[in-house]
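Given the sequences, and given the hints that come with them, work out the whole structure.
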Amino acid sequence: MTDRPTVWEEMPKINRDLLSPLQTTTWTYYLWVGVLSCFVAAGAGAWTYQIQTGIGQTDLHHPIFWGSYIASFVFWIGVSHSGTFISGVLRLTNAEWRRPVTRMAELMTVVALLVTTLFVFYHLGRVWRFYYLIPYPNQRELWPNFRSPLMWDATAIFTYATASTIYIYLPLIPDFALARDRIQGWRKTVYGWLAIGWHGSQAQWRTLEMAIRIITPLIVMVMISVHSIVGFDFSMALVPAWHSTIFAPYFVVGAVHSGLGMVVIGLYTLRRVYRLHEYVRTEHFEKLGKLLLVTTLLLAYMYFAEQLTVWYGQVPDHMAVQNSLLYGAYAVPFWFMVSCIYIIPLVTLVWPRFRQWPVGLMMIGLIINLGMYIERMLIIVPPLARPRLSFQWDEYFPSLIEFAILVGTLALALLLYSLAVKFVPVISIWEEKLGKKHAQEH
Amino acid sequence: MSQDPQATEEYSKTAASPYKWEMVVDLDRCSGCEACVVACHAENNIRISGEEEAAEGRAINWIRIERYWEGDYPNVKAKFLPVMCQHCDDAPCEPVCPVYASYHTPEGLNAQVYNRCIGVRYCGNNCPYVARQFNWFDPHWDEPLAEQLNPDVSVRSGGVMEKCTFCVQRIRSGKEAAHKEGRRVRDGEITPACVQSCPTSALIFGDRNDPDSRVSHLKKSRRGFHLMESLGTHPAVTYLRRLSE
Amino acid sequence: MNLYRRTLLKILGLTAAGSSLPGCEREVHNLVPYLLPDDNIVPGVANWYTSTCQECEAGCGTIVRVMEGRAKKIEGNPKHPVNEGKLCARGQAALQGLYNPDRLQGPLRREGKRGQGQFRPITWEEGLAEWVEQLRTHAGKSAMITRPVSGTLASLLTTLMDSLSGRLVMYESTGEQTLRTANHLSFGTHDLPYYDLANADYLLSFGAPFLEHWLSPVSFGVAYGKFRQGRPLVRGRFIQVEPRLSLTASNADQWIPLRPGTEGLLAIGIGQVLLRDGLTELSSFHRTSFHQTFSAFSLEDISTKTEVSEEMITQLAHELTSANAPLILGGGPAAAQTNGTTTLILINALNVMIGAIGRRGGLQWMEPQISPVDLARPGLASELTLMDLAGEFEQGSRTLLHLYRADPLFTLPPSLKFERVFDHAQFIVSFSSFLDDSTSMADLILPDHDPLESWGDVVQQDTIPVPAWSVSQPVVRALYDTRPIGDVWLDAAHRLGEPLRERVPWNTLHDMLKSRWQTVLTKHDSPQSFETRWRETLQEGGLWPSNIPMRQTNTVIPSITYKPPEFLGNSSEYPLYCYPYPSLGLHDGRGANRPWLQELPDPLTTGMWGSWIELNPTTAKALGIHPGDRVRVTSGYGSIEASVMVFPGLHPDMIAIPMGQGHRAYGRYAKGRGVNPMVLLGPSFDGQSGSLATGGTRVRVERIKGGSRLPMLEESGKNPVIGRIQETGGL
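Chains as they are written, first to last, in the numbering used here: chain A, 1 to 442; chain B, 1001 to 1245; chain C, 2001 to 2731.
Simulated from the structure, these hints should not be mistaken for laboratory data. Heads up, none of these hints are tricks.
Calculated cross-link-like contacts (lysine to aspartate or glutamate; reagent style EDC-like; alpha-carbon spacing at most 16 angstroms):
no., chain 1, residue 1, chain 2, residue 2
1, A, Lys433, A, Asp17
2, A, Lys433, A, Glu10
3, B, Lys1220, B, Asp1210
4, A, Lys437, A, Glu9
5, A, Lys437, A, Glu10
6, C, Lys2671, B, Glu1051
7, C, Lys2563, C, Asp2301
8, A, Lys436, A, Glu10
9, C, Lys2621, B, Asp1072
10, C, Lys2226, B, Asp1028
11, C, Lys2514, C, Glu2531
12, B, Lys1077, C, Asp2253
Remember, it's a predicted structure, so these values are computed and weren't measured experimentally.
Here it is as structure tokens:
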């Protein structure tokens, strides 16, 4: 042990390694950003076209009034749960291994939330009247309807966005200060503002830790409430197969499932690109693998409970939906989804050796997210497509415009994340250092 | 829905408004001739969707005749069910609208405020009768078809939800006429376009608070039922069963 | 229905008090000059004017809502005896004829070759001059094909064509010529009886589509409502026998499918049971002939041929006699065969046997009345008459063709080669408002006003208990540079000079109309002046004398020999019967340019904006055809391609195709849309009536590549799921 460098000797290397993405940029990065920008521009063009001509550019038609935009909305909210869950819950439980993971997960939360809000706008029939949703004072004293789950949703998401911005900002302050001291040019000024005078005094550290300790449990509660309310959007409705009590917890777990998958993807990619192998180790993948196994089992349990209840009850309205999933019009996506989010993760992640294989885990993350996206579509479309009056049964598949907007938005999310990586250290430097120190002390 | 006369009386005493508009659909009379459909289009400025939009399932009908097949050849039966907005007393579409575009009038109508609607379409999902229809695009009439448009009814722009109003413009003018003469609206004085046109008189409209109205009488019929009664939406439309041997 | 009457009184009262009836007192050309302030026009306040629907021949009375000079809505006239305030989908869509974007806006002269569709706008003076020139050139050689018109216009046209030694042909593809012939042969009168459905308690219908387009659908609709639920203790029972479950059949308590064309045989079976079981008392006149007629086949034989079980035949006979007021109707597919007239006569014979003639709830004829216009509707032409006319054109004895709201090139099967009329005619004048398939072949187009812009009257004495002499008045100013056909003919007559001028001295049809009504209105011994009476008549929408006594009818049914139906095409090459039926909205195709009617879902298949082929599910399965597949239907005369709708209510050996689509012209909504099933039909006629046997051609169906997305109201139609009814407690 003596030949290993002490914690204090490692510090400059940590600083150097973790600040390097902020300081050096390769041509591949520019290419990547350029390509993403093209996709974003295409998506923006598609949205403009949709606004100009009408929401009919989607494939939506009665009785399927909601489609890919709402599914994406739910999906991206799910992704946003990654950060909160990883950093919040792991912080609360003092899981030491969380340290290199939290920041990149929190960044995902913020980016995903930004993207999520966009989907609300894509979806509106008259988006230019979006401000009717805001409780602004007006002459006719018209207010939004707070009996509508959609207003609960708007409130919850606004709260969540605010809270998670604060939540990512607090642990960033010392890192901003570090960047302020290490980086020259105009960025120094920006970091200076953002560091709000951090100079690392004992009192500041105490205040910061206190603040983090207070906000962490709060954000976890907000997180659970947000996705519960997204679940309420559906379960409050009279639509067959939506009207179910399990939706709220099921949505939360589902969100964590896809969020964790996304974290694994992010972790793998960033480690690869910025050669962070020393910080993001196999151990982290293994831990995340275990967590994924837990969410897989939990989610499968809930899904089974829900479907079993429907099946055993044999209420015709609900059975129409379930039949369309099990062997009807939606059977192919349904069974694909089941494989993606339950079967494949389950049979792979139970093997300890597999969990230690980062590439494999990354692929599981991809599969889970693909599956979860389809799952969101299957939660929304088949129940709407099987209304009680069977005369109105119908099918839906997203139109090209919808695809363009979906892909453009995905590109936007990646772009925002890529830009953020250039501005914010992807691993919390001070927490990493603290981790090293703790490790040595024990 | 309570059929108890005492309850009805109670209702009319307590309700702020003296009218409660309801409709009865006699399935034993309905022949499926769809005169009501065209009458509704003419009265309510319903857009012409055209072949393409109709193929996308976007043709707008405030009243439609649903046809259900029963049995196989040669013992096959086709049964018709006219479906329009049921103007539920406990309408599932109302609470879910985030901007109060869907609301309940004191006279029991389920109103849609087109100007307020921003097109989130939650109401459409939550209507078990699929009565709500959405304008996916701006409407268009080849000139001079627009000359026919009824000036009493607003034309809905794209991105707005719409549905049967029980011809609220006719109710209003009927009430104004009665008000001028200082009396209540007489039974049968106000007829929505569909009711007016129905050759077999399968559709009957009137004030449920008037115990002598035809609607009040027919509602008590043993043939009466509501669509999806178990959902507890308390529709204002009562169907009378079609008789068969 | 007092309430509706009250409503109308109120409306008319308002109109009369507030506006002293602008529509009635003024001439059409100075009706409502909107730029000038007019006391009668209050913005935002609607005026209602009476009129008469001219979308079909039923002659329903209408009231038209007019606001700021524009027609907004058409409703039934509550006081009118035909429709009692109700109106069908087609009648209400007449507004889209008035405001149709493809209406001809003024006279046109052909440019380029005939049929190329190139026209140049001309002035009325030019047009009239040229036409009169042609009338002079082709003196004695003109002919006119028109959709049935009645009243003053009919009288005018008859007079003029008479004087010009021309031939006037009134043709209606759904004119029920077979029924008229059969009734004439059965009862010795050309008038159709009033079928008193409202008071019947048992209805056996051999295919009569009385809720769709048969004779007077709105009037039958009103009666049907009463038949079912209009009487406190009686609910009429209704059985429909026909190979395809029509809209009418789907309302029946029981639909009995049978082999196409064997309706007459089934009637014989029922009659045989009536006689065998002594359920009928026959007069001596009928005894021998009926016994002969109805014992020509054994019940077993009948059952095999019709595919209706012996028990069912017996049951029908017994049900008929146990009812208090049974009624039997025949029409639709039963009349659309080569033995149509025979079948309908057999059905009339059954009506005689159940005592329905002249009975309440049966068939009734009113005493003939003197109508305002001494002439009711002239006889309708059958398809064979049209063939005769075509022959005259071929021989050159007719050279000048006039067309008025008739589109024979569309409604007649091409196999009849009716285009030879157009090939041989030296000059063709059309008065139609639209460039339909036939009018686009014209040399000169002198477009008529829309009925809502014109004066007119309709005489209806068929199928109603009291005669209805209805008036229609212009409810809006003419939109375009069109002229009423009556005025145009009068103008031409005056230009042609004596003796025509003397026979029709009036300057406009309105003058003629009024002078003819004057005779009637003053006859009705009333002290009031004609103008007052005329105004009242316009306010009411017409004149309908009440308390008309019923006429005693003598049944003159001859001894009938049943003839099996004949089909064109042998059964091995063409295994399926083909039945084109008039569409609910588009009828024979005249509604195809009205977007409301195009978008009106067919009630059974729920198809819109197109054509389809209906196949029985078993047949489709056997042919390996799925719903939505594209198929080619071929007969010995032509073939069409369309997508398939699997239709559970269809005889397995039959396909059905809606009529009305497949126009080559007729405006943006109709042109090039769907297929015209008439293409398939061969020259198969019912000899007695001369009408085309639309069900008399055999076809084969084969699947071809491709599928098309036919708009349907029933979304689940895209799935092979048959609708399920739940929680509706049984409809």
